[in-house]
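A.B. asks: Spelled out, the chains give:
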Amino acid sequence: MRIALFVTCLADTLFPAAAKATVQLLERLGHEVVFPPEQTCCGQMHVNTGYQKAALPLVRRHVRTFEDHDVIVAPSGSCVGSIRHQHAMVARGAGDHGLERAAQAVGERTYELSELLVDVLKIEDVGAYYPHRVTYHPTCHSLRMIRVGDKPLRLLRNVRGIDLVDLPAAEQCCGFGGTFALKNADTSTAMLADKMQHIKDTGAEVCTAGDASCLMHIGGGLNRLDAGVRTVHLAEILAATEES
Amino acid sequence: MSTFLGMPATSPPGVGNLRGDEPFPKAARKALANSQLRRNLGHATGTIRRKSGAVISELPDWQELRAAGSALKAATMARLPELLEQLEEKVTAAGGVVHWAADAAEANRIVTGLVRATGQERVIKVKSMATQEIGLNEALEEAGIAAVETDLAELIVQLGHDKPSHILVPAIHRNRAEIREIFLREMPGVDPALTDDPATLAAAARRYLRETFLSTKVAVSGANFAVAETGTLAVLESEGNGRMCLTLPETLITVMGIEKLVPTWQDLEVFLQLLPRASTGERMNPYTSMWTGVTPGDGPQEFHLVLLDNGRTAVLADEVGRQALHCIRCSACLNVCPVYERTGGHAYGSVYPGPIGAVLSPQLTGVEDNASLPYASSLCGACFDACPVKIDIPSILVHLRNEVPHPRAEKAAMAAAAYTMDHPALYTRAQHAAKLSKHAKKLPPPLNGWTASRDLPEPPPETFRDWWAKR
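Quick note, the sequences are listed as chains A and B, same order.
The first sequence runs 0 to 243 under numbering that gives the first Met the number 0.
The second sequence runs 0 to 470 under numbering that gives the first Met the number 0.
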């Protein structure tokens, strides 16, 4: 299958390993990955901070970049959530109904990585090997906005060598929330403190998730404390093999 | 003593207790530093979440009930004016008197006047959010009328010269040791050997309140529901103290937000299933009191209904925000909110805290007067999932953030970011600048909020698109 990658600005700039892993995984499974270079950012930060008008050109750019692609994947539940649930709203707010329809259509063809694997490519065992103790944090937008359910866990359970441990209070937010982490830095930190404690309680050496943004937040906190736990994107675990 | 339940007097005139005197992040910072509060809240919200979750999971049709509740509320809002007139007609026909109040100040004037007309100097109160919203107790105090809260938790708050911090459990920020101390200090005639055993504390409150019930001739209540087709008012509570207030006095004055209507008696069937399970985690509400006007020889012989707007009409005019009026005040969103669980209710500055407060309070006051509340959320979505009438709180938050006046520097930064993102060449250049920047332990404001507690990721040697271009 020919799959267009929406890399997300965050993974492109700061977490390329997650994006590369997405490409390597899909190619290993026999699919063709294309990367439309006109893509930049989905505009989620603007929309969620209250700047829908400023987000409009980004929504338009995203829709024009991807409207000719049949299947689009992004290694981020929250960017997919924005594309699926906010792009049409931004276009509607601007009175651009043509863009609204196009955004709706692109949103319907855009999948978060675990959705693409399980729902579209119908695969739960991707042949990965990852001999580490891992706990999975189901990020809020993956869980409650696009509702990936247990798809990431089904994929992880099939990874050879993995010691997958449940995260207590897993469904509670890590406190990131985009600009929330800056505007309400103290509350965000209080939420992060509890998330880090739960992660530590699992004894895991790796905390994984389907969103580089939440992992940046959790990882930033763990790193500051030298907590001895690293954050790794779901795509990197699924891309890992005995050879790599 | 005159402002014992009062929020700071900086709200716009007329609207009542709907905003605090400092923005949420500042108020939250103080609350977060209170470790006793953090523990009390964590324990209490966790307990309610577990209890509510267990009884909700017993109902196979919970999702259908939520959908029905949502649809009924939407249908009610669509024809609110005619339903309100129908309610007025039915209540009047049943011997009640209906008053209309445009804002908090007018509602307070009406209630104060009605109490004065009875010649009484004390009223007993049923727990009511509407009267907290308008600051009725303070207004009555100013008129020389004592208002005694009879809901146990409201009594704790009142005796403690404190403010409610939760819609349903207003003393949630207090533990039993603190409650014992408040009772010993403030409750007239309390046994000095009082312990912090919950049953003993409840018994002390019961002894104190019993006297008051029997000797007070006027009661003030709110209402959970009003049925337009019959003119029936309903109050749901767990203690029976509300029932005392609604039946013993000679005069009953009910203050109700205009959105509390349901069209028909049968509609209550849905809400009486939703509310107890979502709020207190009970299968059936313990005390459900309903009354229609005045029944000769039985209960209060004088009944006044004050219908309160106080910003609700403006909320109704907003296509996205109007869902907030569907709220049945169950507090499920507070109990699941990771922000509320850590900051508690006082940080929100409004009598409506938590996720619903963050969307309701700014709409009632006007967003420019409550600009920090729509940002008091990480948009995690737990509130939307928990809401028994499916209010899409995250979407309203995003909508209100788009309406608030933005700080000038932020506006400029957002415009610059959007411009860069819309020009791939600029974007690539910005990426390389980020890549070359040293790993910073401390960023300048406003980004220092991040580096205060979190490291920045190490910039990678190459961006994804550089890697892709080279393959």
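Rather than coming from a laboratory, the hints here were simulated on the basis of the structure.
Warning: the hint list may mix true and false statements.
Said to hold, decoys possible - Computed list of lysine-lysine pairs in DSS-like fashion (alpha-carbon distance at most 30 Å, straight line):
hint	chain 1	residue 1	chain 2	residue 2
1	B	K29	B	K410
2	A	K182	B	K89
3	B	K25	A	K52
4	A	K199	B	K469
5	A	K199	B	K410
6	A	K199	A	K52
7	B	K50	A	K182
8	B	K29	B	K469
9	B	K469	B	K25
10	B	K29	A	K19
11	A	K182	B	K389
12	A	K182	B	K216
13	A	K182	B	K469
14	B	K469	B	K441
15	B	K50	A	K199
16	B	K410	A	K19
17	B	K389	A	K52
A.B. asks: Sort out whether K25(B) lies within 30 Å of K469(B), counting only the CA atoms.
C.D. replies: violated (48 Å)
A.B. asks: Holds or violated: K25(B) and K52(A), Cα atoms, limit 30 Å.
C.D. replies: OK: K25(B) and K52(A) at ~29 Å, within 30 Å.
A.B. asks: Keeping to a limit of 30 Å between CA atoms, is the pair of K182(A) and K89(B) held or broken?
C.D. replies: violated (49 Å)
A.B. asks: Keeping to a limit of 30 Å between CA atoms, is the pair of K199(A) and K52(A) held or broken?
C.D. replies: violated (41 Å)
A.B. asks: Within a Cα-Cα threshold of 30 Å, do K29(B) and K469(B) meet the stated pairing?
C.D. replies: Not satisfied, since the Cα-Cα distance of roughly 52 Å exceeds 30 Å.
A.B. asks: Would you check the hint for K29(B) and K410(B), treating anything up to 30 Å between C-alpha atoms as holding?
C.D. replies: Since the Cα atoms of K29(B) and K410(B) sit roughly 28 Å apart, the hinted pair holds (cutoff 30 Å).
A.B. asks: If you draw a straight line from the CA of K182(A) to the CA of K469(B), is it 30 Å or shorter?
C.D. replies: Violated, at roughly 39 Å.
A.B. asks: Tell me if the straight-line CA distance from K182(A) to K216(B) falls inside 30 Å.
C.D. replies: Not satisfied, since the Cα-Cα distance of roughly 50 Å exceeds 30 Å.
A.B. asks: Hinted pair, alpha-carbon criterion (30 Å max): K29(B), K19(A). Please report holds or violated.
C.D. replies: violated (43 Å)
A.B. asks: Verify the proposed pairing of K469(B) with K441(B), using a straight-line Cα cut of 30 Å.
C.D. replies: violated (33 Å)
A.B. asks: Are the Cα positions of K199(A) and K410(B) separated by 30 Å at most?
C.D. replies: violated (39 Å)
A.B. asks: Given the hinted pair K50(B) and K199(A), is their alpha-carbon gap at most 30 Å?
C.D. replies: holds (27 Å)
Violated hints for the displayed structure, listed by number in ascending order: 2, 4, 5, 6, 7, 8, 9, 10, 12, 13, 14, 16.
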